[in-house]
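Q: Given next are the chains, with one letter for each unit.
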Amino acid sequence: MTMKLTKDSISPYVIGTMRLGTWGSNLSTSEYENFIEGCLDLNLIDFDHADIYGHYTTEDDFGNVLKSRKDLRQKMRITTKCGIKLISENRPEHQIKSYDLTAKHIEASVEKSLASLQTDYLDVLLLHRPDYLFDPYEIADVFSKLKKEGKVLEFGVSNFSPSQFDVLNSLTPLVTNQVEISLLHRNAFEDGTLDQCQKLKIIPSAWSPLGGGLLFKESSDTKIKAIQSTLATLAKKYDAATDQILYAWLRKHPAGIIPVLGTSKIERIKAAQEALTIELTHEEWYMLWEAALGREID
Amino acid sequence: MTMKLTKDSISPYVIGTMRLGTWGSNLSTSEYENFIEGCLDLNLIDFDHADIYGHYTTEDDFGNVLKSRKDLRQKMRITTKCGIKLISENRPEHQIKSYDLTAKHIEASVEKSLASLQTDYLDVLLLHRPDYLFDPYEIADVFSKLKKEGKVLEFGVSNFSPSQFDVLNSLTPLVTNQVEISLLHRNAFEDGTLDQCQKLKIIPSAWSPLGGGLLFKESSDTKIKAIQSTLATLAKKYDAATDQILYAWLRKHPAGIIPVLGTSKIERIKAAQEALTIELTHEEWYMLWEAALGREID
Amino acid sequence: MTMKLTKDSISPYVIGTMRLGTWGSNLSTSEYENFIEGCLDLNLIDFDHADIYGHYTTEDDFGNVLKSRKDLRQKMRITTKCGIKLISENRPEHQIKSYDLTAKHIEASVEKSLASLQTDYLDVLLLHRPDYLFDPYEIADVFSKLKKEGKVLEFGVSNFSPSQFDVLNSLTPLVTNQVEISLLHRNAFEDGTLDQCQKLKIIPSAWSPLGGGLLFKESSDTKIKAIQSTLATLAKKYDAATDQILYAWLRKHPAGIIPVLGTSKIERIKAAQEALTIELTHEEWYMLWEAALGREID
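Chains as they are written, first to last, in UniProt numbering: chain A, 1 to 298; chain B, 1 to 298; chain C, 1 to 298.
Among these hints, one or two may not hold up.
[Unchecked claim] Have a look at the derived ranges for each label pair, beta carbon to beta carbon:
#1 B/Lys236 - A/Leu214: 45 to 51 Å
#2 A/Lys201 - C/Arg295: 32 to 38 Å
#3 B/Ser88 - C/Glu138: 32 to 38 Å
#4 C/Glu138 - B/Glu93: 47 to 53 Å
#5 C/Glu283 - A/Ala232: 14 to 20 Å
#6 C/Glu89 - B/Lys217: 36 to 42 Å
#7 C/Glu296 - A/Thr233: 25 to 31 Å
#8 B/Glu93 - A/Glu107: 56 to 62 Å
#9 C/Glu296 - B/Ser88: 36 to 42 Å
#10 A/His55 - B/Glu93: 51 to 57 Å
#11 C/Glu138 - B/Glu190: 15 to 21 Å
#12 B/Lys225 - A/Leu214: 43 to 49 Å
Worth flagging that the hints you see were computed from the coordinates, not collected in a lab. In this text, a Cβ means the ideal position worked out from N, Cα and C, and glycines have one as well.
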């Protein structure tokens, strides 16, 4: 039995795995296991992978837990991504970094992810980047095949422009567009991405929702300092940490943006979960927007 | 009995009220009354307000005329706008300039505008700016409620991008997008705004149709000088004033752009009305475009 | 009998005529005849004109061949364009360079092109540039009239943005959008133009597919040098010339981009035809993209 991803069933946060392995915390198998159980205990059941994380090793790490803990698989939903080809010792055949959304690559990538993750099915497959050569008809066909075979339950994209999303979604239903959204990357608010999600009732998800590390270090940049000062005021008001305010800022948008959490620390995930009770006022949202903009709105 | 706003019934110009009160000419009540009667005599019956004009005082000024001249109300159509919150003595609760298109704010703003304007209904309500947090479903619901209650007859937006317009218009019919269009602000010709109006047969209206005061002052800017020189040639040919040529330039577009007049002088409004007979040739339109562009078209 | 242009029947290349006459090779009538026969022998039957080429003389040159070789007309398809008005000795009435997509100008231009080309019908009429004043309803009507009269069989546009294409195509079916696409002009890959073509199954065609002469001259520009070096590697691998690799690069896109060939030399056209057998790998396509981009993709 699977837990179908819908606008109502999705967790308020997705657990990003990018930095759990060799690209970050380098968790041991038992640490992964503890981390996964910690997330599930918090009722956060969506785990977000990509074939390339850890230079093609993080799916394997994660699969090593599932191998001996088959019970966990049914309690979670797994998203993974394909379509970026990295130059890597683990893919010696790659001569250059490229995108590849051919049916052949998508299918091969799904097979590899299934094997690495030690699972029979992916809950969601995302196309990681818009290959400039993507053929929406070919993709719709391979999605249909993968669905029929039970290998992938739902499909989505990442980093697609509204017109790229539109052409593919007109052929095969997409459940999300995972894009970079944060106080420091506000394009999605103005380039039609969130408008499209609202119109189609698609769930947007946000990678790098805290804007990278910049807001957490001392800075001489005027805008960063203004954001930090506003964050400090709000953190005090809500008796909260800075990251909690940033999650509340994203989640105030009516499209229902799902932040992808990048941490390997259960306490930060717990903090994120607790931040769900913070409701910024409209004016507070704009205080942060204007600090990031560096000026008053028009 | 109301005069429903349609593509056929709209006046060729809308009378802007932004600078009638404390943000400009500071008209007395009797001067307002004369001005309004002068406009109606010219068969210009659309008056364009916003809650914020005159720091939330211009609707009151206007309403003071309607209070003692109830006969005038039926001869005019009133548009007003909501959604910008200014820092103002008259709104001490505002801590920061922000946009707010929540149902709660829209409804409260309509109630205030009705009271200030001393009228039972608004002919048109425009959303003044796209709140980054706008929820099209919530807005469609409150529009429906306001319409059912007879408080607002038609709805539109201002300064919305094509994708913002699209998502809201897919849920509730919009009658206009009032955007900045002039020789000095030509984005609407190229960013899809006018294409969308033509496709949907929506009436675009243009704020700041003369481009602010820049074209009416001596300037050392090469492009401004080139525009002024072309305007002078055309003004001579058509025995017209500069502002008349600029209105004719806007009105040549087949979308039927309605300029919002910013003057409080009846003679300039009369002049605008007279400019309706000026028909620039295609080449003359491009002479002004290329002067503003600073080069030949491609 | 005409050969209807469809996605299946179109030649893999269109023969551009821009530089056959006074804007380039200045072919004599017999040279034109040889060139045309050479193209038809290669089964390349689409000839791409515009009223303005050679300052309004190239259609006449071409028509001089058809006058005495009526047999050739039935073996080819003729596209021509209208809508740009050049300052030219041959159009002394033009005071300024402008665009004009009024019905009146379109109709007059078609009549002139038919007379110049010495033919009864145009296979395809393209609107050369988006006149900022274009009225899609007026254009749809004149297209309908021209089609009914048998003067034009199909219609398309050139250099239209997706929203401009959309509004016109919603009223009258368009067969192509001819835009600038090459390694040095990559906008169409990202601005929605090719997405729209794929969604609507419209044939995109590419003017200046080799990017002008820049890639064929020594250059001190880092990106040009990087492209040239990658081209040299690929040319060696495929035993091909540089222009052949560039055509293969364009044709790899699944939208089926049709390059408009700009040469008057039959051997270069033969080479382009031979390039149809070159199939670049996905990685090779990205090697050229990244060389042109000046960096790795994200």
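Q: Each hint should be assessed against the structure and marked as holding or not.
A: Taking the hints in turn, this is what the structure says about them:
no., hint, verdict
1, B/Lys236 - A/Leu214: 45 to 51 Å, "58 Å, violated"
2, A/Lys201 - C/Arg295: 32 to 38 Å, "37 Å, holds"
3, B/Ser88 - C/Glu138: 32 to 38 Å, "47 Å, violated"
4, C/Glu138 - B/Glu93: 47 to 53 Å, "51 Å, holds"
5, C/Glu283 - A/Ala232: 14 to 20 Å, "48 Å, violated"
6, C/Glu89 - B/Lys217: 36 to 42 Å, "40 Å, holds"
7, C/Glu296 - A/Thr233: 25 to 31 Å, "40 Å, violated"
8, B/Glu93 - A/Glu107: 56 to 62 Å, "59 Å, holds"
9, C/Glu296 - B/Ser88: 36 to 42 Å, "51 Å, violated"
10, A/His55 - B/Glu93: 51 to 57 Å, "54 Å, holds"
11, C/Glu138 - B/Glu190: 15 to 21 Å, "20 Å, holds"
12, B/Lys225 - A/Leu214: 43 to 49 Å, "44 Å, holds"
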